[in-house]
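If you're matching them up, the sequences are chains A and B in order. Residue numbering for the first sequence follows UniProt numbering, beginning at 1 and increasing consecutively. Residue numbering for the second sequence follows UniProt numbering, beginning at 1 and increasing consecutively.
Hints should not be assumed to be uniformly reliable.
Said to hold, decoys possible - Lysine-lysine pairs mimicking BS3-like chemistry, simulated, CA-CA at most 27 angstroms apart:
#, chain 1, residue 1, chain 2, residue 2
1, A, LYS273, B, LYS274
2, A, LYS189, A, LYS95
3, A, LYS182, B, LYS11
4, A, LYS75, B, LYS251
5, A, LYS79, B, LYS273
6, B, LYS182, A, LYS75
7, A, LYS106, A, LYS177
8, A, LYS11, A, LYS75
9, B, LYS284, A, LYS11
10, B, LYS95, A, LYS11
11, B, LYS274, A, LYS72
12, A, LYS79, B, LYS72
13, A, LYS189, A, LYS72
14, B, LYS99, A, LYS99
15, A, LYS79, A, LYS106
16, A, LYS72, B, LYS79
17, A, LYS251, A, LYS177
18, A, LYS11, A, LYS95
19, B, LYS79, A, LYS273
20, A, LYS11, B, LYS11
21, B, LYS274, A, LYS79
22, B, LYS251, A, LYS11
23, A, LYS11, B, LYS99
Unchecked claim - Over the 12 angstroms line for every Cβ pair with chain B, so calculated as not near, a few chain A residues:
#, residue
24, ARG39
25, GLY161
26, GLU224
27, ALA265
28, PHE267
What the hints assert, rightly or not - Which residues of chain A face chain B? A few of them, derived with a C-beta cut under 8 angstroms, are:
#, residue
29, TYR103
30, GLY219
31, VAL220
32, VAL223
For the record, the hints were derived by calculation from the structure and aren't laboratory data. Think of the CB as a built atom: it goes at the ideal place given N, C-alpha and C, for glycine as much as any other residue.
There are 2 protein chains.
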Amino acid sequence: MHSSEETENIKMFFRYQHSFLISKIIFTASELGVFDLLRESGEPLSSATVAERLKTSLTGMQTLLGACVGLKVLKVERKEDLYGNTEFADLFLAKSSPKSQYYTMKFFSEYGYLSLQYLPEAVSTNFNSRSKEGVESFFRYMDEAWSLHGKEVVSAFDLSGFQLICDLGGNSGGLAKELISKYPNCTVKILDLLEVVEISKKYNAFSEDSQITFHEGGGVLVVEPTIDQEISGSFPAHMYSIIMLLHSEGKVRTASEYCILFNTAGFTNIQFKKGNIFDVILVKK
Amino acid sequence: MHSSEETENIKMFFRYQHSFLISKIIFTASELGVFDLLRESGEPLSSATVAERLKTSLTGMQTLLGACVGLKVLKVERKEDLYGNTEFADLFLAKSSPKSQYYTMKFFSEYGYLSLQYLPEAVSTNFNSRSKEGVESFFRYMDEAWSLHGKEVVSAFDLSGFQLICDLGGNSGGLAKELISKYPNCTVKILDLLEVVEISKKYNAFSEDSQITFHEGGGVLVVEPTIDQEISGSFPAHMYSIIMLLHSEGKVRTASEYCILFNTAGFTNIQFKKGNIFDVILVKK
Chain A
1 MHSSEETENI KMFFRYQHSF LISKIIFTAS ELGVFDLLRE SGEPLSSATV AERLKTSLTG
61 MQTLLGACVG LKVLKVERKE DLYGNTEFAD LFLAKSSPKS QYYTMKFFSE YGYLSLQYLP
121 EAVSTNFNSR SKEGVESFFR YMDEAWSLHG KEVVSAFDLS GFQLICDLGG NSGGLAKELI
181 SKYPNCTVKI LDLLEVVEIS KKYNAFSEDS QITFHEGGGV LVVEPTIDQE ISGSFPAHMY
241 SIIMLLHSEG KVRTASEYCI LFNTAGFTNI QFKKGNIFDV ILVKK
Chain B
1 MHSSEETENI KMFFRYQHSF LISKIIFTAS ELGVFDLLRE SGEPLSSATV AERLKTSLTG
61 MQTLLGACVG LKVLKVERKE DLYGNTEFAD LFLAKSSPKS QYYTMKFFSE YGYLSLQYLP
121 EAVSTNFNSR SKEGVESFFR YMDEAWSLHG KEVVSAFDLS GFQLICDLGG NSGGLAKELI
181 SKYPNCTVKI LDLLEVVEIS KKYNAFSEDS QITFHEGGGV LVVEPTIDQE ISGSFPAHMY
241 SIIMLLHSEG KVRTASEYCI LFNTAGFTNI QFKKGNIFDV ILVKK
């Protein structure tokens, strides 16, 4: 009936059309406590038990659990109607896990999801939906993100030669904590917008001074998802570019665009390390 | 740094966390007219030209175009900063294409996307967000969907032996049109909820009577995405189950659950055909 190319196109459209459901299904299961209940129970539970414990309708919960199985975040023993977390869900989706991304999902579900409704305005007029509300929620998200990506990022290069590290745009200090944990002898100064620093100090009870100091032999470490030369790869960079358009300033760049920036500023020693989500560039004069 | 399993988990979380952006990026490019402009120009255009013609900011448009390239719906000649539609975008995303899914994207962007914000309530209390608003918008979506999937569905089995076909829940008549086109000698009766039929008649100017008639030797054709026996496959069925939870009644079933339903009702001749999105079951007594 359909050529295989047409079939692939139809499937691709279907997937793009419904992608927004994927995030919301997982965010909703997280919000309702599905992953926590299944992690804490220590054994698979029936849909009826999950519905009862979480005080939801049975049909609704069965639909949600089925969709979560379809997305491979839950597993099911179908005959016994018993559901359990996958290892992935135990690790990242349950609130009680040390690697939990609970507040990340909450932040994206409450703020990120709705802000995307303004994407046409953001593209048309550079409308920016950044608000003071949700900054603490954003901090928790950033803390969780660095607990996930931080180790890879701070180990991309040997930074043990740097005693003072200034984190520009370091908001809540999530990356700073990872730096101190990997390089216990370094001092990290977090620099950010005044409004961010104010909230960050309350949030963290760090004591910071916001003076920028220059030191001989310094270097710059860029931690950003970069787009590839052809723009066509690098899913993380494209997602960040849209989020930046809506919520902050700045833009994503290719590695060679960074090189030009740094060359112009007199930096000649440039090292690039491709990461899973965040790429890392270390530049020295 | 990270084991390969941990890396895969991190990438999986990142993808789930950002899936909602994928739909919105494509919906937004459609809404702003990007795919139409590029289809109609007949040649690749620079980001500055696209921004100027569509009256958007340059930075915003560059970000959006880049993200669309990343999602493989646009292609770019990077050195010349020239953007063009992929074949997929020309076919499905441009409004002027005969296979356009423009109203589908509009419907999902305006209604579907926001309704998902109520998914926790729908799971908890069977809250249903169906509204009369948007019914015409829904009809256009269904018409486009059947223009995409209809040919495959009506050809899954030879229905030329049936002179009268009743389409239960046939709403705007999109599938009926495909049936008549494939089987010119058949008559199709569309049956649906009163409120749907009322709007459908206005929308289509069909003349229908809503009487159900029984005929010897009839059959039932089920056109639904089904879930596989283990619940873990069938992405389309899981997406539909969530949409049904929010907007309509009914639920998705496995092929064997349908068999039980039909056996109980006295149907013994059951044929199943797996489709790309919609599966088709033909049952006779």
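Review point. Holds or violated: are the alpha carbons of A:LYS72 and B:LYS79 at most 27 angstroms from each other?
Key: violated (40 angstroms)
Practice item. Take the C-alpha atoms of A:LYS251 and A:LYS177, compute the straight-line distance between them, and say whether it is at most 27 angstroms. Key: Holds, at about 25 angstroms.
**Study point:** Given hint A:LYS72 paired with B:LYS274 - CA-CA distance at most 27 angstroms
**Key:** holds (22 angstroms)
Practice item. Measure nothing beyond the straight line between the CA atoms of B:LYS182 and A:LYS75; if it is 27 angstroms or shorter, mark the hint as holding. Key: Since the Cα atoms of B:LYS182 and A:LYS75 sit roughly 42 angstroms apart, the hinted pair is violated (cutoff 27 angstroms).
Review point. Does the interface hint hold: is A:GLY219 within less than 8 angstroms of chain B, judged Cβ to Cβ?
Key: With Cβ-Cβ at 20 angstroms, over 8 angstroms, it is violated.
Check your understanding: Keeping to a limit of 27 angstroms between CA atoms, is the pair of A:LYS79 and B:LYS72 held or broken?
Key -> violated (40 angstroms)
Check your understanding: When you check the alpha-carbon spacing of A:LYS106 and A:LYS177, does it fall within 27 angstroms?
Key -> Given pair A:LYS106, A:LYS177 holds - Cα atoms ~22 angstroms apart, limit 27 angstroms.
Point to revise | Hinted pair A:LYS11 and A:LYS95, Cα distance within 27 angstroms | key: Distance ~34 angstroms between A:LYS11 and A:LYS95 Cα, so the pair is violated.
**Study point:** Holds or violated: B:LYS95 to A:LYS11, with C-alpha atoms at most 27 angstroms apart
**Key:** holds (19 angstroms)
Check your understanding: With d taken as the least Cβ-Cβ distance between A:ARG39 and chain B, does d exceed 12 angstroms?
Key -> Nearest chain B Cβ is 15 angstroms from A:ARG39, so the label holds.
Check your understanding: Does A:VAL220 meet its interface restraint, that is, does its C-beta lie within less than 8 angstroms of any C-beta in chain B?
Key -> Because about 22 angstroms separates A:VAL220 from the closest Cβ in chain B, which is outside the 8 angstroms limit, the hint is violated.
**Study point:** Status of A:GLY161, Cβ more than 12 angstroms from any chain B Cβ
**Key:** holds (20 angstroms)
Of the numbered hints given earlier, the model fails hints 1, 2, 6, 9, 12, 13, 14, 15, 16, 18, 29, 30, 31, 32; all others are met.
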